[in-house]
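Following the hints, complete the assembly by docking chain B onto the known chain A.
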Amino acid sequence: MTELFLTLFIPLIGSFALLFINKEQVKLIKYVAFGFSVIAFIVSLTLLLQFNSDNPNLQLTYEKVWIPSLDIGFRVGIDGMSLLLVLLTTFISPIAIFSSFDAIKKREKSYYSLLLLLQFAMTGVFISLDLFLFYIFWELILIPMYFIIGIWGGKDRIYATVKFFLFTMFGSLPMLVGVIWLGQFVGTHLAHVPNGFTTNYELIRQYSHFIPLDYQKWLFWAFALSFLIKVPVFPLHTWLPDAHTEAPTAGSVILAGVLLKMGTYGLIRFNLELFPQASFMYASLISWLAVFGIVYGALVAMVQSDVKRLVAYSSVSHLGFVVLGIFSMTVEGIQGAIIQMVNHGLSTGMLFLCVGVLYERRHTREIEEFGGIARIMPAFTVFFAIAMLASVGLPGLNGFVGEFLNLLGAFKSPFLGSIWYSVISATGVIFAAVYLLWMFRRVMFGTITNPANHGLKDINKREWATFLPIVLFIIWIGIYPSTFLQLSENSTKKLVNKLEKIKFGKERYELPVIPEISKPNNSNIENNQ
Amino acid sequence: MANELLKELALGFPIFFISATGILLIILDAITGKNKKINYIFAITILAITIVSAGWILLNQFYNEASNLASFPISMGMLAYNGYAYIFDVIFAVAALLTIIAAREYNQRAEFEYKEFYSLVVLATSGMMMIAHSADLLLMFIGIEFMSITFYVLAGYFRKRLTSVEAALKYFLLGAFASGFLLYGIALVYGATGTMTFQSISQKIIAQDYNNLYLILGITLVFIGLSFKIAAFPFHQWAPDVYDGAPTVISGFLSTAGKAAAIFAFILIGKNIMFVAIKTLDSSHITTLQNILAVLSAATMLIGNITAIAQNNVKRMLAYSSVAHAGYMLMGIVANTPDGWAGASFYAAVYMFMQIGSFAIVANLEGKDGEYLEFSHYSGLYKTRPLISAMMVVFLLSLAGIPPFAGFFGKYYIFKSAIDAGYLWLTIVGIISSLISVYFYLRLLIYIYFREATEFVLHTSEPRAAGFTLLISAALTVLLGIFPSYLIELLLYLR
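Quick note, the sequences are listed as chains A and B, same order.
For the first sequence, the positions run 14 to 542 when my numbering is used.
For the second sequence, the positions run 28 to 522 when my numbering is used.
Keep in mind the hints are simulated off the structure, nothing from the lab.
Among the hints, a few may not be true.
To be verified - No farther apart than 20 Å at their CA atoms in a straight line, the calculated lysine to any residue pairs in the SDA-like style are these:
(1) A:Lys36 <-> B:Gly407
(2) A:Lys119 <-> B:Ile473
(3) A:Lys119 <-> B:Ser416
So here's chain A without its partners, still in its complex pose (with noise of 0.2 Å):
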């Protein structure tokens, strides 16, 4: 639990910590900002230590109230998929933050300042256990983001920033009043806590199952909307390539590696929990809308002549991926779903801190301009293949066992029922290879035709340094999973488990039984029951 804290709480100090530093030492507020992050990284690795893999509840849970008239607490707590995505932030964030040191050149005390700031955010969302504190920490994402967009952003940075700020708002406002609307009908109607109002997840989720379907629907799409914007899943991804495209390098590794992952643990965190049965009457929409994208996302990176926007273009695609196996409601599919989340976060960010690499070099991100590249930075080239190669899906790396996954989830699905769902998105996985391998052959091979790229250097050390733990990751996963989805298995199983029930009324796995550690303040409830 302390470690739990810390691994919140000491980005904020650090962000803190840099408003005191003069900001002429620039190269003590990098490494002050850099230490920062790798000590969160550290505590966040005891968090392993603490956490019992076969307990399939929430874990390492800290309860205070906050608001006692309306029962908001700083509730947390961790499962399987919480710790996983918590390891993913702590460990992309201090790489974003070592990979800025020569990107960024003016502002440096805002900028580190904001992106530990932003590091705060994305922890709490991922560990928060109370709808009012997840709201708070969804919508702290902005802020930071706003500034380091529109600030060291690109040519249209401003139209960028500004359509992201108003998309996420124009999304999370509905879940404020779901969030209202649902505290205050648990609270009164099921639950009947003291002042008929509460955010509590764990004693929502406890009557989730007995809201009324009628009120479930628009609950359902209060909640996911937000969730679909942030993912996200056609025709909600405008936003994306936009933004993507003009943030500065870190923030796109950020935005790729962490943020959009928001939506899709919403998703099941709030969607499916909370939800279940207007996640059965829409699981075939949303799937459809998941295959959609799949193809329209591979299609139009296709044609793109910016490797970043194709970059971002993919991760349309590759969330769909994610979507898809979330939908299909099974283990398979939900566990293939989380580990899809880190792989495209470790894939997709090492391809967009490739290209900040070349542009770094040449301040230019066409296709057109390259070419050869591999003549004379051979190191790069390396790294660039198995980012690529990762966010291909090929066997042995990452991408390829979250993709197998979802697919079998689709396939085996009994609440999907059909098995188109995973013929068409496969064909995802082909398009995948196409525009991937046609940018890298256009980008790297062949010879130098632009006099510009003759002299350009190899990757330095700092590069070498940044590359290589995620390498370490994306070998790591595609060779022996089993390391990580063990650590969301239980927690998966017990969520099948209850929506199965729901559905057919009987459960399929088995779970050890490890009760859940009843709250002192909810007796009252308990008598209710």
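Using the frame of chain A, we list chain B on its own:
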């Protein structure tokens, strides 16, 4: 008797003190000659003592003593001494204090510092506190009038500036008209129930001893009058012009404390008449009234925010958006529950900090004759004024309702109370209008942070004393956002 006299004197100390010393301050104006600093210091001292004494009574719960008193020899039952009133005493006095502190250097820069300014602000505050303490419709009316008349003068304070005079005249003419509605409504309520005090009005309603038609008509007219005072649709047209024309620091004061006072009057009517009447057999009219108020609230939010989009002048943008914020507060009145009143009060309090703060920043950057108010003048402000820019971020994001700032929690609580009361559609309108407001608040941030300064050179110096206003406002905007429970629990407990 003498004992009770003393006790009432102690209970009413904040309001008696500020009223008496406010008048003393006018006399002082005549004596002190050219030295304006004495009045400034004196006004600050008065307000500080008021805040401390009201806060003292509030924190030690001395207001409970009021129920032990058999008679009220001073006020004859016209003044109420409940905890709620003291909270608002503190809110009004803090607003006045922040305004006066920010005002001095602003007035000096405009080369227009007169001593009346300080006494007028203090007197306006005593008028507002009269509303907060009123146990009687008539006293409420007197408080509102007292406040309004000082506001008319304050709006026209820059009497050499045409816009300021125009603002004052417009405000005065329309305000007098609204006061007529208010008074006529009060007369009808009196006609319907035969009494003026809130307590006996509620008793008459519970006893079904009243004329329903006149009561409803009376409340409606009172609401029209009050809607004017908080600038709710369709009585909002005066607000942007007045806030735009008035001295900038005064705009901050008018649009926050003035609104809070009128909202308090709304709460008084809601608590003592509407909330009681809705429990009686013949409550359908009250529900109709609630629905009408809901429509007005929705229209206020939307119109305020939509018109604010088109503004290129920071002061006008804040003025228009101020209309919208009245709509949010009105939602709490529509809900007609203790939750709703607590939400509206909370929002009024936090709105005060963020709006006074942002107006103080605008005042600090304003030129001698009210120039440099365009958005473009704020380009690249972060470079020359990093601290002020950071504070502006806090105020604007809070106004837009983005967590973790206080404005977000205020909206959350109001939305919650509206949903509880069954006004889901109103909440959705509120949310849509919040989204609209995000656009224009962010637009100012774009100028401040993302654009580089063009030809504009800063003509003003760093804030001196006004820095105190900014610091307090920013700190409270953040703190009330992270720890709202202190204030909200207090409001709920005292309701």
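Going through the hints against the structure:
Taking the CA atoms of Lys36 (chain A) and Gly407 (chain B), the gap is about 18 Å. The hint holds against a cut of 20 Å. The suggested pairing of Lys119 (chain A) with Ile473 (chain B) holds, with an alpha-carbon distance near 17 Å, which does not exceed 20 Å. For the hint linking Lys119 (chain A) to Ser416 (chain B), the alpha-carbon distance of about 17 Å falls within 20 Å, and the restraint holds.
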